[in-house]
Amino acid sequence: MEYNIAMTESTNKILNDFLLKDLKDEEICFAIWYPTDGKTRFTVLLQEVILPKNGDRVRHGNVSALPQYVDRVKEYARVKGGGVAMIHTHPSGNGFQGVSGPDLHYEQDILSREIFGITGLPLVGVTLAGDGVWSARIYPPKLFKIQWCSAVRIVGKNITIQFNPKIMPAPKPNEKQIRTTSVWGNEKQSDIMRLKVGIIGSGSVGSAVGEILVRMGIGDVLLMDYDIVKIHNLDRMNNVTVEDVGKRKIDVIERNLKKSTTNDKFVCKKSTNSVVENDGYKEALDYDIIFSCVDRPWPRQVLNHISYACLIPVIDGGITFKIEKGKLIHGMYRAQTVGPERACMSCLGAVDLGQVQMDRDGMFDDPEYIKNQEKVNGPSRQNIMPFVFALAGLETIQFSELVTNIGRNGDLGQQSYNYYTGEIIPKHQSCLEGCDYAKKIAFGDTQKPFLDVDKSRLRELE
Amino acid sequence: MNEIKHDFGVFLKENGFSYESIPDGNIFIYKISEYKIPSGRYAGKVVGIGIPMPPDFPSVAPYGLHVKSNGVFTEPIAAGDKQSILGADWKFWSRSVNNWVDPQNHNCQYYFDHVNRWLEVS
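Here the protein sequences come in this chain order: A and B. Take the first sequence: its letters are residues 1 to 462, numbered as in the numbering used here. Take the second sequence: its letters are residues 1001 to 1122, numbered as in the numbering used here.
Careful: at least some of the hints might be erroneous.
Said to hold, decoys possible - The list that follows gives simulated cross-link-like pairs (lysine to aspartate or glutamate, DMTMM-like), each with its CA atoms no further than 20 Å apart:
1) A:371 to A:324
2) A:230 to A:243
3) A:439 to B:1102
4) A:455 to B:1024
5) B:1013 to B:1113
6) A:371 to B:1081
7) A:455 to B:1081
8) B:1091 to A:366
9) B:1082 to A:365
10) A:455 to A:365
11) A:448 to B:1113
12) A:439 to A:114
Hint data in this document are derived by calculation from the structure and do not stem from the laboratory.
Let's have the full structure, built from the sequences with the hints guiding it.
In structure tokens form, the structure reads like this:
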């Protein structure tokens, strides 16, 4: 099992502002965390910071939390159903920090059992170096032996991942990536190469997004799709030919990505699960960023949920054509990144929560339903390759800004291309008042979305 | 499976309806055997309705309506209309709720207003 920590940019700021205010002595505080348990990765989501009150700790070069403070935090965590993270600083430290003998003894041999006994969740130890770099460890039950987290993920307008160099050492950008590296530098390229990116949906947009990502050097990609290549996919899927008809989309796309990658250690995982089912949901949680390349409302609703509750930014997009009596009335593609400190898909109008249950009932891909609907409304799902590539480009530009911040913008907003005016218009907004997703930030598996059998997947497999 | 936390049953009781709650896969159908249509051209007619509540209502809106027409309606034709699981005399009307984007609309009354509108205009 791999261990990670994640927090929002707001939480990171609260912690940095408090912990690094005075660098003379070490400083300490606690946080309540919630778990999100992927297939191979367990992530600790720091949800709420509990700062010390006067008399709660003693700073003497090092720092000690007094029993009243520890007891208050334990009780609060128990009431909230969360775990406890103990956070302290190494003010003169730079980069990834190890743990000293006395600290390890206190965390591993004393506090870890006590905290688990009260909260049912393992103790998490976190260290912040004077330069703002995080390192973290966890003490899973039974053995209560230290396990180092491989990365700390900070999510908001940007995503910053601080990797544990012992578990995930920085790869060297190579000659194939020289033009890319010249834009954002070796350090950022090295971070990009260690990102784990999930692509949910390996159809037209998913295949193009995958192609762009592997050429950028992404080293670990998940392809999730249960569908096979059909004849009507050939006008839009990247590098897919008539010989691929009948093959699984994920196999065809994996073949293409392996040919196109610029990362010598490229790993591609494939899944025929659906993200709305438990197995697919857990697989998605193993990734740092997810591309939503699905066109049904239920998977998009689940991905929207993941972006807030599990702190995994989701980059989403869509293509719309409106044709009436053979004439184009409207043509548009748009891309948005959702997650904490951004508006969600529902509030942006990118998923209709009035249609999710219809999708759960299996109606969206029901051939009979589609036929009846087209009798009334005319052909549906119109799409063209230029829009597919343009959308994949726009989504991966959103990705580039999210991970590099080279535009010093972070959030490009919802970007919509209008076919008539030829403009890409950005829209910046927050979630609407009362939005459910904004209330779920960092609550992880305690706020799991509704998951069930995907009837569309079952129909496809028959 | 437990009944949804946001208790649609309470809403129905508060509004004077008696109902049966019938599990159907991932949802509960709130079946009202005698429902008097409140307005429109069928005002006063009594039909049966079954309201399918998703487990994560009100975040997700219900989809469609089960209807026992009692001869009141000519059969509505919409893509997705089909036989209901509630019985031979029942049909499932495929209908989506509009503007569930706004969280202020995530409540029982907003959905119920849609039900009445579907019955009025069928």
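Is residue 230 of chain A within 20 Å of residue 243 of chain A, Cα to Cα? This hinted pair holds, its Cα atoms lying about 10 Å apart.
Within a Cα-Cα threshold of 20 Å, do residue 455 of chain A and residue 1081 of chain B meet the stated pairing? 18 Å, holds
Is residue 439 of chain A close enough to residue 114 of chain A, meaning Cα to Cα at most 20 Å? 30 Å, violated
Taking only the CA atoms, is the gap from residue 455 of chain A to residue 365 of chain A under or equal to 20 Å? 9 Å, holds
Next pair to validate is residue 371 of chain A with residue 324 of chain A; report whether the Cα-Cα distance is within 20 Å. Holds. Residue 371 of chain A to residue 324 of chain A sits at ~17 Å (cutoff 20 Å).
Under the criterion that the straight-line Cα-Cα distance not exceed 20 Å, is the pair residue 448 of chain A, residue 1113 of chain B satisfied? 30 Å, violated
For the pair supplied as a hint, residue 371 of chain A and residue 1081 of chain B, confirm whether the alpha-carbon distance does not exceed 20 Å. 13 Å, holds
For residue 439 of chain A and residue 1102 of chain B, compute the direct alpha-carbon distance and say whether it is at most 20 Å. Answer holds: residue 439 of chain A to residue 1102 of chain B is near 15 Å, not above 20 Å.
Is the straight-line distance between the alpha-carbon of residue 1013 of chain B and that of residue 1113 of chain B 20 Å or less? Between residue 1013 of chain B and residue 1113 of chain B the Cα gap is close to 16 Å, so the pair holds against 20 Å.
Measure nothing beyond the straight line between the CA atoms of residue 455 of chain A and residue 1024 of chain B; if it is 20 Å or shorter, mark the hint as holding. Status holds; Cα separation ~14 Å.
Can the restraint linking residue 1082 of chain B and residue 365 of chain A be considered satisfied, given a maximum Cα separation of 20 Å? 16 Å, holds
With the threshold set at 20 Å, check whether the alpha-carbon distance from residue 1091 of chain B to residue 366 of chain A stays at or below it. 18 Å, holds
When held up to the earlier numbered hints, the structure conflicts with 11, 12 and fits the remainder.
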